[in-house]
Amino acid sequence: MRNILTIATHELRRLFKSPLAWVMLAVVEFLLAIFFLILLNQFMNPGPWIAGRGITEIVIAGLLQVSGIVILLVTPFITMRIFSEERRTGTIKLLLSSPITITELVLGKYLGTLGFLVILLALIALMPLSLLLGTPVDYLQTAAGLLGLFLLMASFAAIGLFISTLTSQASIAAVTTFGVLFMLWIINLASTTGSEIFRAIFSWLSLLKHFNSLINGAFNSVDVIYYLIICSTFIVLSIWRLDGERRHQ
Amino acid sequence: MNSETLISINEVYRYYGNYCAVNNVSFTVKRGEVLGFLGLNGAGKSTTMQIISGVLGASSGSVSIAGLDIMDAPRQAKSQLGFLPEQPPLYHDLTVDEYLDYAARLRGIRRTNIRTAREQSKQRCGLEAVGRRLIINLSKGYQQRVGIAQAILHTPAVIILDEPTNGLDPVQIKEIRELIKELGRDHSVILSTHILPEVQAICDRVLIIHEGRLVLDQQLENINESKQNNFVNIAFRQAPSLDTLNTIEGIKHIVQINDQRFRCELHPGSTAINNIVRNSAGAGWGLVEIIPETGSLEETFMRLTSGAQENV
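Taken in sequence, the protein lines are chains A and B.
Residue 183 in the numbering used here sits at position 183 of the first sequence; the count goes up by one each step and never skips.
Residue 312 in the numbering used here sits at position 312 of the second sequence; the count goes up by one each step and never skips.
One chain only, chain A, in its complex shape:
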């Protein structure tokens, strides 16, 4: 456990040593602030389309929905260097010759990356919370939405982590991660046609579908379990991959 924390802290500190993390926080916050203002403006000038929905459903759910897409776009830039850079510069040899297990190494790296994403999430959460100054919001729906966004980030990070173990080129890891995330995002589009079972599978696989039900305030354990399965699968795959590489390369 101590080793995991050592690696996680190191990972997080190193992220903030480079301008990338700062720029990313700034850009994401800026983009989402614009969306937030647009949504708020729409809510202040209601029309028939509102159909009795409250501020939580329109502004907060809308913001979290967009956040999901923005985070999908930026996560690959954070996860791309997790292992690929260590391999390219040879620093992985320091880790592999140290008295830590590969599981500790992977979990440490994962937690460090997740730490950064949680900071991002906290900054995003400040926007809906600022609404409390003027109006009551639905806490439970907001909480479900934020949980959904957190789980989504955690899955993105796990997938990115695994892909960065596959290559020593950070840019290849980034592009591949983006491709995979995007595919998992839109895979439910494939569920509009085909047989019943086919549709069910594709729609279940989609990262988007489970996220949508959470931001709409429907807390199903199935959705949570889906994300936990994604995270653990890719973490285990990363461990296997690094261990296998050491043995058979």
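Hints are computed from structural coordinates only; laboratory data are not their basis.
In this text, all values refer to a predicted model and were calculated from it rather than measured experimentally.
All C-beta atoms in this analysis are idealised placements derived from N, C-alpha and C, irrespective of residue type, glycine included.
Just so you know, not all the hints are guaranteed correct.
Unchecked claim - Among the chain B residues that face chain A by a calculated CB cut under 8 Å, a handful are: (1) 56; (2) 60; (3) 75; (4) 79; (5) 83; (6) 93; (7) 103; (8) 105; (9) 303; (10) 305.
We have chain A; now place chain B onto it with these hints.
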């Protein structure tokens, strides 16, 4: 205590696909021994060192550090081990102090002892003045020293250094050699290098690896003593047949190296060289070279890595 075996490598093989990079390598290193690991580029030195330090797994065979198997008890075995790879494993965006602190935590040094360990290691490697500088701004020589500092931070029983003096200036090389000698007193050190005088300066024992096989494992003093002047390399412009040469008095044994060149073992104290010169002059063989082998490390190395075989 002082002759305790700290590293033991047993029939290690390592394949990359079908290519066999390390072929049946076995040896042991005792406490207080500095082992020089020699070989041409691509001979399998780095692979072997990475296997010993647990970075790579062996395809078969076993490695144990201070009696602990590196695959079965990796945590305990690796805490006894310091490794400097060929390219120092440095995070360029950290300062020297930050980097060494991180390495210390990875090696499981207790929080309260980290500072002491870091300062001690910096002092041994002459890094006191650069603690707060970013590693990326350091010269190659200083980066190499940070790499060494990282390997000795936790005063491991076993220190493995892959080309430790690579990229250093002559003064630094001298300092690092002194440091390695000092470390060799109460640790086991394995170092690889392609600078032969370096081995002579600091090592107690030499291993030569060629095409993945161990071709020599000997105490340095034995190498320098053995075969004093009993071997001579000779070359002729018009070489006679091997049989003709064999009849020359004083030659114990002769082998042909190529069309012109021969290597002969002489009877100690014989006048064989005189006989060879006289015969050559008489028969017009055109003697161009007589080089007595001094049995130096360099000669041994050249001979073993040029394909000639010797019983280990």
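We went through each hint and held it up to the structure:
no.	hint	result
1	56	6 Å, holds
2	60	11 Å, violated
3	75	5 Å, holds
4	79	4 Å, holds
5	83	4 Å, holds
6	93	5 Å, holds
7	103	7 Å, holds
8	105	4 Å, holds
9	303	33 Å, violated
10	305	26 Å, violated
Hints 2, 9, 10 from the list above are not met by this structure, while the remaining hints are.
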